[in-house]
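Asker: Residue strings, one per chain:
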Amino acid sequence: MTTTETPVDNGVNVEALLGVRNALPDTPEIAKFQWRSTVAWVNGTHSRSDVETFYGFGDEQQHHTRFSYDIDHPLQFAAQDKGVTPVEVVLVALGGCLTAGVAAVAQQRSIQLRSVRATLAAEMDLHGILGADPDVRNGFSGVTVSYQIDADATAEEIRALVAQSQKRSAVYDIITNPTSVTVEVG
Amino acid sequence: MPGTTTVIVGAGHCGLAMSHCLAARSIDHVVLERAQVANSWRTQRWDSLRLLTPNWMTRLPGYAYRGDDPDGYLSARQVTAMLEDYAEASAAPVLTGTTVTSVRAAGGGYVVRTDQGTWRAPTVVLACGAATVPAVPALAWLVPDGITSVTPAGYRNPGELPPGGVLVIGASASGIQLADELHRSGRPVTLAVGEHVRMPRTYRGRDILWWLDAAGVLDQRYDEVDDLVRARNVPSMQLVGSPGRTVDLNALSSAGVRLVGRLAGIADGVAQFSGSLPNVCALADLKLGRLLDTIDAWAGAAGERFAPTVVSAAPLSLDLRSGEIATIVWATGYRPDLSWLEVPVLDRRGRIVHDGGVMACPGLYLIGMPFLRRRKSSLIDGAAGDAAELTSHLAGHLDALAGRRERSAS
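Which chain is which? The protein sequence lines are V and F, in order.
Quick note on numbering: the first sequence equals residues 1 to 186 in this note's numbering.
Quick note on numbering: the second sequence equals residues 1001 to 1410 in this note's numbering.
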């Protein structure tokens, strides 16, 4: 690993993260989190999702503001294109999660990052969601993420950063492994 | 009630090593063994199994391999014979056919109940093994009827399995060996691969264990590692005890074994595999690269590097009701069985709490666990160092007890 004169700063407070981890053996309940969003139909395939509160660290928590997301489908789907498609939100989530992981792992490994960029692509066959072929799944048939990283590290160290980020990524896990989903109507 | 100074539970290599060290200090003890010396080597090993470590590494306190094949690998039968000879040569006070039914703290010491009577002792050493019970995940219950499930502890040879496809769950030492053996038996084999430790059998012309031993990698101490929980949970190395033969994922897949991701679930009879296969392979390749760098830094100059693991498009599901899979091999690891221990030693997740084998309850010791005191604690070769240090601690504890008695008598 390259040593630098100035302390490595990727803007990640690793001490705080490690502090939480070190507190877990005594207070495992702080690790119980619940993430939430609401969604309201606007018109057509356009809906708006809000994210404001979550539960964690043993208490109700709140973002500093309410974040809103317009979700729609493009004009090519005869929709209004008021926002990104839901499947694109999944790519946004994966890219955000992996990149946060790259920064955090780099900080912990004392690797100074200069730039981190990734291009994400997901393959999907519309036969699935259109119900045109029962053998084709609705979701992605595959996802590729391609990183370009400029950092004070060897190529091997950068590959290890990206691998470790996947290993610790919630969204990567959500996409690569089955999750039980319960949908109720009140 | 008979009394002794130390009760050792289990007459495997660790229990016998401990006995040897205690005897060297004239500490009175017994070794209680539920069946016979080296029981699990007699009863829980498949026919073709050989040690992963070369014969010259088969070292115990007061014992070193002196046969004519130092670079070979002992079979389970040979390990059994070796441990029998060792017990006899050390005159270990083993009581065979004695099953411990409970250990509880009482009066500053321990009461050890067995099906052959009860012992009282100020110190107890738990040497009953880390790999006593196969650890099969709960989703095994979801396997449809009609599929044979086996664990490496119960498996003997391909002839005992029904014909047809085999799904091997787990790609550590047991999983890759059984995938290889079952593939050679003519069965189509699918191997579900989670995190694993890729290892070449030879590097720079020598057995990889020679390098790990010589470069001090195996001597790394438990109080020197960054993340001990992780270090203690590292899967076993992808090795087979066969000279010069590497059985890594590339070898298996080029022979025709189909690789899939970690078994993530079974829904309606369909096995679901994780999409993380490329990353677990990348992690293992990178980790192997770092290990070889460590060896090179120690040895000077650079050795060969191994081709990255080839991951082709792996299926994400497999219908277990289709008849394609006749057998599932759960090579998902083992766990210790201390259910008879009536001393609180488990954390909230059921893991045994100990500090290098020294347990919180004074006079109670544990040996034979992964990375107990050193990286090599899980190897036969690790028992000598661990037993010597635990014996020192145990002797110190006895001295303190004796000092307390003297002070209270005066």
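Just so you know, the hints here were simulated from the structure itself, not pulled from any lab data.
Even for Gly, the Cβ is constructed at its ideal location relative to N, Cα and C.
Any given hint could turn out to be false.
[What the hints assert, rightly or not] Here are some, though not all, of the chain V residues that point toward chain F, as calculated from beta-carbon distances under 7 Å: (1) Ala160; (2) Ala163; (3) Gln166; (4) Pro178; (5) Thr182.
Asker: All hints, please: hold or fail.
Answerer: Checked hints:
1. Ala160: holds, 5 Å
2. Ala163: Holds. Min distance 5 Å.
3. Gln166: holds, 4 Å
4. Pro178: Holds - the Cβ of Pro178/V comes within 7 Å of chain F, reaching about 5 Å at its closest.
5. Thr182: violated, 14 Å
Hint 5 from the list above is the single one not met by this structure.
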